[in-house]
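K.L.:
For reference, the chains in residue letters:
Protein chains: 2
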Amino acid sequence: MKKIYRLKDFPIDEKALMLQETLFHNANGYLGVRGNLEEGLPQEFNTMRGTYLNGFYDVIPMKQSESLCNLVEEKDTMLNVADFQSIEIFFDGERFSMLDGRAEQLCRTLDMDAGITERSLAWHTNSGKHIQICFRRMASFVRKNMFTIECRLKCLDADCGLDIHSHQKALVRNYSNPADPRVGQNNKLLLHPTVHLLENGTSVLECETTVSSLKVCTAVQHELSRKMRESISYDEIEHSCTASYSGSLKKGEELRLVKYIAVCDSRREAEPVKAALSYLGESFGELDELYEEQAEYLESFWERSLLHIETDDDSGLAMVFNQYQLLQSVGSDGICGTASKGLSGEGYEGHYFWDTEIYILPFLSCTNPELARCQLGYRYATLELARENAKLLGHKKGVLFPWRTVSGRECSGFFPAGSAQYHINGDIAYAVVQYYLMTGDFEYMAKEGAEILIETARLWMDVGNYSKGKFVINDVTGPDEYTCIVNNNYYTNASAKYNLTWAVKAARLLSDRGMWQELEARLGVSSEELEGFGKAAEAMLLPYDEALGINPQDDSFLSKPIWDFENTPKENYPLLLHYHPLCLYRHQVCKQADTVLAYFLFDGIESRETMLSSFEYYEKLTTHDSSLSNCVFSIVAARLGLKDKARSYFGDSIRSDLVNSYGNTGDGIHTANMGGSYMTIVYGFAGMTVTESGIGFAPSIPDDWRSYSFRIGYMGRSLEISVNTEKASVRLLSGEALDIRLFGQLVRLNDKTEVSI
Amino acid sequence: MKKIYRLKDFPIDEKALMLQETLFHNANGYLGVRGNLEEGLPQEFNTMRGTYLNGFYDVIPMKQSESLCNLVEEKDTMLNVADFQSIEIFFDGERFSMLDGRAEQLCRTLDMDAGITERSLAWHTNSGKHIQICFRRMASFVRKNMFTIECRLKCLDADCGLDIHSHQKALVRNYSNPADPRVGQNNKLLLHPTVHLLENGTSVLECETTVSSLKVCTAVQHELSRKMRESISYDEIEHSCTASYSGSLKKGEELRLVKYIAVCDSRREAEPVKAALSYLGESFGELDELYEEQAEYLESFWERSLLHIETDDDSGLAMVFNQYQLLQSVGSDGICGTASKGLSGEGYEGHYFWDTEIYILPFLSCTNPELARCQLGYRYATLELARENAKLLGHKKGVLFPWRTVSGRECSGFFPAGSAQYHINGDIAYAVVQYYLMTGDFEYMAKEGAEILIETARLWMDVGNYSKGKFVINDVTGPDEYTCIVNNNYYTNASAKYNLTWAVKAARLLSDRGMWQELEARLGVSSEELEGFGKAAEAMLLPYDEALGINPQDDSFLSKPIWDFENTPKENYPLLLHYHPLCLYRHQVCKQADTVLAYFLFDGIESRETMLSSFEYYEKLTTHDSSLSNCVFSIVAARLGLKDKARSYFGDSIRSDLVNSYGNTGDGIHTANMGGSYMTIVYGFAGMTVTESGIGFAPSIPDDWRSYSFRIGYMGRSLEISVNTEKASVRLLSGEALDIRLFGQLVRLNDKTEVSI
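Protein sequence lines, in the order shown, are assigned to chains C and Z. Counting in the working numbering, the first sequence tops out at residue 1275, every number present. Counting in the working numbering, the second sequence tops out at residue 1275, every number present.
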């Protein structure tokens, strides 16, 4: 199957182009460049022209409207670091632009086997000459610091004058849109030039951030068709550098310009300039090799990761697209995480949320465990900042991970919907456990995982307390931001219970292998403390309403009136943009899966009847205004046997960014939903569960699908699950035999085991 | 009894002077001038040099750290309007200053019979000449636009060279202190000059605000001792004007300079400049008459208002001080309210809170009902803004008064501790009822009061809902800001119940007099709606805990751990400056009286046992970090017969500003506490209650007091209550005979009724 996403003869307007900038961005987990037009756009166009490095940020003020004690008053913001995309082209002196009605045969392609985006079109000059133009871009997965832009030009029917100006500009600003609360509103210049060199046609710019004092260097070198080489000149002005070619394009001749860009920053390299020049030197002139490496890398990726769906619609391609975007977004060096918008745009300022642990890590743990390990490693590296955060919030022990961050420090402005989301601790703990259960990576557990589990568990002990014999957790905010600062949020309590339980288990695991003493001493853990964890987990209050037979989202949720959905006009969604928070808080209305999410993560936490009743109850109340919702409803529906609903929620999730269903994909992709759409199949339709007692499946398939299949790694083995309308099979592709559960029955998997649905 | 507060030989340092600026400010409910030193202070001194007009404000941006729907993003701020205090004096060319160690016999006096402040001292020149210096200031209660500064100089032992420069400066800024969240942090120049005249020695400056487009004019004219008149010259530069005298001071001769200042603004006068000149013209040269009027005004005020206490300490004087400050603070024109700091400083930016209705109006309703009426009139005038505020918060009907404001629009930055304090509606409704019950002013009820009661009641119907047969109110914040966004805050529900009940009663009252139809039609009130009010009031949930026999502050209050008071160091109070809000929210700890306040306002709402248990419970949890707390604990203690506690809380309240017990009196007085200290006696020790069935008393007296007495107006009558250690008496000073309750027994009050304690 060719993994190509292609758009043809698309409209050329602001909205379409903003969306394409996102959909056709090129990234490799470190470096991301939006799919902006090389030739630029008129100034009045709303465009987000951006280059981003994962984890590269500055710190900007975030004044509180009222100063309360220990509120966050500054935040990390992902920086737009340099514009090296620009290539202005003139044919017979006429400036090439897509906007003047002279462009035809428009086509934009994302080739997910090649790892390349392409934009091609035909353009005619005023005198009627026909020009073929093609741009190809790549962010190398193998050489993370390298980006290339290949530009090919051909005039079909005549000779034609040709002028090219290719720029690199260091002093760029972030995108800002004061009208939209979901993107940054800071457009101050935060980068200050430190180095500016132009030597032998290589332009080197280094800038430093204002507060975080991080440096970024971009080095650009142009490779040209032989005949062009002598006619090129270089010019530098005000921290930008331009390579100019002036000559002609002979009839039928193809001219090629390749821009090699090396990007380095001081978080990864001691001397960014030196490193950038070195990377550039290694790659310059090797475009074909770079392309080849890229394809090989992706071949291996798809081999491990591909989730293949056969349906009558384009769900299969959409799934491939989502998986590819996750690969583009995930940091792989342990000093950065995965931004909620990946590296595709500035929405949410490049912050990392729980999206990573709950929505993206499952995909990574199943297919690319070393990447999952990097993500968990990033959190471990920020443990001290999480400890400081806990102290700021008045806790005497434990760590509290930030709700949103780049550097690891809390960057939430409105704490009731930010810092108060203590479940982030449970989410990270959950991911630690799931990674361990999927990979059996005991070394990780011993080195980092157990420490995270203990320190997060400690926080629960400090934030919660016993009341009438139950362990209660007051004044926190669950995943559903339409209700803030509540008592005993079901999801939070369930995840705290899991966290506490696993802190004890981790200690036992290490103890069993004689590796507990070091950590025990270092963290000062007593057996009484572990006992306390276990007791609190046992006594954890999980709200249950006898009358309705459901789990209330929190202590007071059911005492509120149900939102008047009937009289809420369609244009008032998402509600958060149209109603004061207090108005939302005061109603039974959910932005997203909350209690329902707990049913997915903590399999078997309630009886099927309770889960079914709750599912149906919350379904009526949930607006899915968050992109993190539909996938979870799909998974839980599938597990409850509500196949049609599962299929329907899957449909709402799978194409979300491709069709811009949230209206803001222009600001960046929704990585959590992409991970979520993967999970709808693996954890939903295929019914995969992973617990201490092993891995299990309970496959089903939507009525309108022909088949789906995927491969996962589990405890050093490779498994392939294939499901079609006739049967479902699980195969052991490599590794030792093991027992798995199929629909709850233990089955020995040696070579090939098949079950019929 | 002479009502003079005097400070002698005080220290001259920043803290002392800031405090004196507040304590010796002169105000008349319209115009307030801080007691700054005429001769100025060195630039590095922290001083709040200010002139304020009640209700004169500009609108400044208040950016939210995260933009949520309909949050407040700008706020009113009371402006510092002009500096006309400055008088620089040179003796033999040496600049007079209190700071150079040459000042002696320092004395500052607030004469509350005369309505004048005085600062007098002796100063010696380097050559040893002894100068007597005296400044007197007055903000006229009779001519609200007039302020005077009288300066008298005498050299006792020699002739002395004398130079005086008296300034008026229009372009002033507000005080700012970025380190203190309780004062403003805006120091932009918000006033822009529109008129600048200097004619016949009269300096006229008019300025306009930036956003609110209000104009203020200050006109200054100097009256001089005869011999000085010829040696005076005037100079203007950059929107400031200086009158300069150069001459000499003969041995033993007293020279006098009087500065007459007229202040007018465009909220009250169509042409402020014209009006200011007219006021100035009427008063110029009439200082003695102004002084006389002032004394007469105060004589009448004290006649009506004086609460006289005889004790061994200075409680009596402190009470007089508090009453005087209230008079200085209360707006009397119906277009302004009473700022929490009066007109004495910029703390809380000159905003009006519930302080007015719950803490200050009782004093006014008892003694100066026309002022009470003005305050209620201000709220009525802002009804439309309150309706808009309700809409912004998502309510379909009713009005929601702003938690803090000048203009009437909501100015809370952090809504969980601001807009969410819905009890403001109940507080205003309560004040409407109490004013009516005290005065019998039916005309007010018909014209304004009933409408407020109906519209506030409507909001409760929209914010609350039925749950399990009870009317519940979710997601509001009660008076205690150490717990935010709670369900069924006892105080809020109690005040909503009262509000709803009285909306029905008001309708019936008007109906009984045939005056309901107009309002009924205008507001579209149906009998079903009124029935709904009654039903909701009846079904109102008032939390009660069987086990403890107390009223929990809200639904979940008791499930939280009690604050660790034992391990909280003294320097960590007030807690709000040392702990993150979430940390406070999650504990049983109260900033101030909350449930206990309900016991005072809604007399008889619970059984004595419940109130006693609750009182004792909350007493242990309350830090009194708010200045609104001690007085309430005193009142309720007195009513519960806990005499020693009542006395002790009274002691914590009565001298609060005089001894700067909250450490921030430098930013302004605490008017609510001042009203509260009045109430501790009238409503506390004297046990006054006013209900539909009449007025009652249950007098007691602290063991260490000799006597107390006060006069109040009630339903057109004047009553005097005198209590000493032997007996308590209630006398009817004027008006028709009436029945009153004494310790619950009906007594006919004709001429004089006495009861023994």
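Among the hints, erroneous ones may be present.
Because identical chains cannot be distinguished in the list, a pair is counted as satisfied if it fits within a single copy or across any two copies.
[Unchecked claim] Mimicking DSS-like on lysine-lysine, the simulated pairs with C-alpha atoms at most 27 Å apart in a straight line are:
#: 1; residue 1: Lys769; residue 2: Lys1023
#: 2; residue 1: Lys1138; residue 2: Lys986
#: 3; residue 1: Lys914; residue 2: Lys1088
#: 4; residue 1: Lys986; residue 2: Lys581
#: 5; residue 1: Lys647; residue 2: Lys1161
#: 6; residue 1: Lys706; residue 2: Lys533
#: 7; residue 1: Lys687; residue 2: Lys1023
Calculated directly from the structure, the hints in this document are not laboratory data. Small disclaimer: the values here were computed from a predicted structure and weren't measured.
K.L.:
Confirm or reject each hint.
P.N.:
Taking the hints in turn, this is what the structure says about them:
| no. | hint | in the structure |
| --- | --- | --- |
| 1 | Lys769 <-> Lys1023 | neither (73 Å within a copy, 94 Å between copies) |
| 2 | Lys1138 <-> Lys986 | between (32 Å within a copy, 21 Å between copies) |
| 3 | Lys914 <-> Lys1088 | between (47 Å within a copy, 19 Å between copies) |
| 4 | Lys986 <-> Lys581 | neither (41 Å within a copy, 43 Å between copies) |
| 5 | Lys647 <-> Lys1161 | neither (57 Å within a copy, 102 Å between copies) |
| 6 | Lys706 <-> Lys533 | within (25 Å within a copy, 39 Å between copies) |
| 7 | Lys687 <-> Lys1023 | neither (54 Å within a copy, 73 Å between copies) |
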